[in-house]
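Visitor: The lines below spell out each chain.
Protein chains: 2
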Amino acid sequence: MENESVAKSLKLFIVLSRAYKAINEHVNKVIQANGLNPTEFAVLELLYHKGDQPMQQIGGKILLASGSITYVVDKLEQKGMLKRIACPNDRRVTYAQITDEGKSFIQEIFPEHARQIHDLMSSLSDTEKDEAIHLLKKLGLPAGKF
Amino acid sequence: MENESVAKSLKLFIVLSRAYKAINEHVNKVIQANGLNPTEFAVLELLYHKGDQPMQQIGGKILLASGSITYVVDKLEQKGMLKRIACPNDRRVTYAQITDEGKSFIQEIFPEHARQIHDLMSSLSDTEKDEAIHLLKKLGLPAGKF
DNA sequence: TAATATTATCTCAATTTCAAAATTATTATA
DNA sequence: TATAATAATTTTGAAATTGAGATAATATTA
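Those protein sequence lines, which keep their order, are chains A and B. Reminder that position 107 of the first sequence reads as 107 in full-length UniProt numbering, one-by-one numbering, no gaps. Reminder that position 6 of the second sequence reads as 6 in full-length UniProt numbering, one-by-one numbering, no gaps.
Hint data in this document are derived by calculation from the structure and do not stem from the laboratory. Each hint should be verified, as a subset may be incorrect.
Any copy will do: because identical chains look the same in the list, a pair fits if it lies in one copy or spans two.
Capping the alpha-carbon separation at 30 angstroms, the derived lysine-lysine pairs in DSS-like fashion look like this [claimed, not checked]:
| # | residue 1 | residue 2 |
| --- | --- | --- |
| 1 | 137 | 11 |
| 2 | 29 | 61 |
| 3 | 75 | 11 |
| 4 | 103 | 11 |
| 5 | 75 | 103 |
| 6 | 50 | 137 |
| 7 | 129 | 8 |
| 8 | 50 | 8 |
These numbers were taken from a predicted model, which means no experiment stands behind them.
All chains should be modelled from the sequences, with the hints used to inform the complete structure.
Guide: As structure tokens, this is what we get:
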């Protein structure tokens with residue numbers, strides 16, 4: 001029956017939302033306890049792990065409007081966590097670059113961050129995690145392109 | 001190796017976030033195209049499907065701060081989608097109740113909403129959806145209680 | 001080359017959210 | 001019945017996010 005299949009999709013949407021929100025709520029608390037908000041942390045982590053990024057690409061990866069990027073980068077710059085670097089080739093472009101201070105911040109926070117996520121995921125076995133990763137990739141990748 | 005297991009948890013966290021955000025972004029667009037923001041829709045849908053709710057319980061179910069509930073309920077009341085009903089037993093509590101106008105709004109929107117979610121989930125077979133539901137429940141329920 | 005379109009960033013006003021304090025009502029206790 | 005503790009909602013002010021232009025640089029094309 002077609003209706004049952006739609007109901008199943010709705011059910012999946014609900015459990016997906018619940019799982020994400022429940023986990024995220026805890027993760028955000030640890031981040032905020034360290035003086036950053038979740039968006040700031042996401043930007044800083046991106047720069048730490050992926051290197052310098054043009055402002056716009058940050059928006060693409062973190063899913064943030066252009067006005068918000070300026071705001072967040074301002075905040076992080078004020079805190080000394082990153083600096084703006086003018087692009088030598090294209091004067092329209094500004095890179096965001098993590099500072100040494102930003103790096104040591106991430107280095108200090110990240111292990112606790114990772115450990116907490118690991119704890120929150122402990123209800124699944126490693127095999128189940130692999131299954132979940134597989135299914136969520138299969139679900140998320142096409143949805144991003146609609 | 002313990003580190004690999006932590007890395008797997010981080011990976012799962014990332015694909016979970018991506019999948020949720022990718023799907024949610026699309027869902028929110030349809031809702032906003034119909035003149036409500038996602039929070040307003042969530043409240044209205046809750047009242048439609050679960051009946052009258054005390055203000056505070058709305059916050060618990062939608063994961064919203066108490067101050068925000070007042071704001072959202074104000075908005076929906078202004079739009080004629082719900083009304084406040086004083087509780088006869090306890091004068092501290094106020095129920096939010098969906099109006100006929102709110103009901104027909106949901107009735108009009110919901111099929112499109114459900115159909116869109118179904119489309120966004122179409123990369124998984126029914127069996128895979130069942131597996132994903134199982135795993136996400138197992139993941140989300142304990143995380144909610146930490 | 002000049003005109004036009006596109007792109008990247010920023011500014012600004014409006015919206016949404018939260019956190020903390022204030023208000024009002026209920027319940028427990030002495 | 002006072003009094004204190006608890007609870008539900010609202011108010012207030014600040015922070016975060018968006019979307020719509022504004023500005024400036026680059027790319028395209030006639």
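Visitor: If a hint holds in the structure, say so; if it does not, say that too.
Guide: Consistency of the hints with the structure:
1. 137 with 11: Both. Shortest intra-copy (18 angstroms) and inter-copy (10 angstroms) distances satisfy the 30 angstroms Cα cut-off.
2. 29 with 61: For residue 29 and residue 61, the Cα distance is within 30 angstroms both inside one copy (22 angstroms) and across copies (19 angstroms).
3. 75 with 11: So residue 75 and residue 11 pass the 30 angstroms test across copies only (28 angstroms; inside, 39 angstroms).
4. 103 with 11: between (41 angstroms within a copy, 21 angstroms between copies)
5. 75 with 103: Within one copy only: 16 angstroms inside a chain, 43 angstroms across chains, cut-off 30 angstroms.
6. 50 with 137: Answer is within; shortest intra-copy Cα gap is 21 angstroms, inter-copy 32 angstroms.
7. 129 with 8: both (21 angstroms within a copy, 7 angstroms between copies)
8. 50 with 8: between (37 angstroms within a copy, 19 angstroms between copies)
Hint compliance for this structure: every hint is met.
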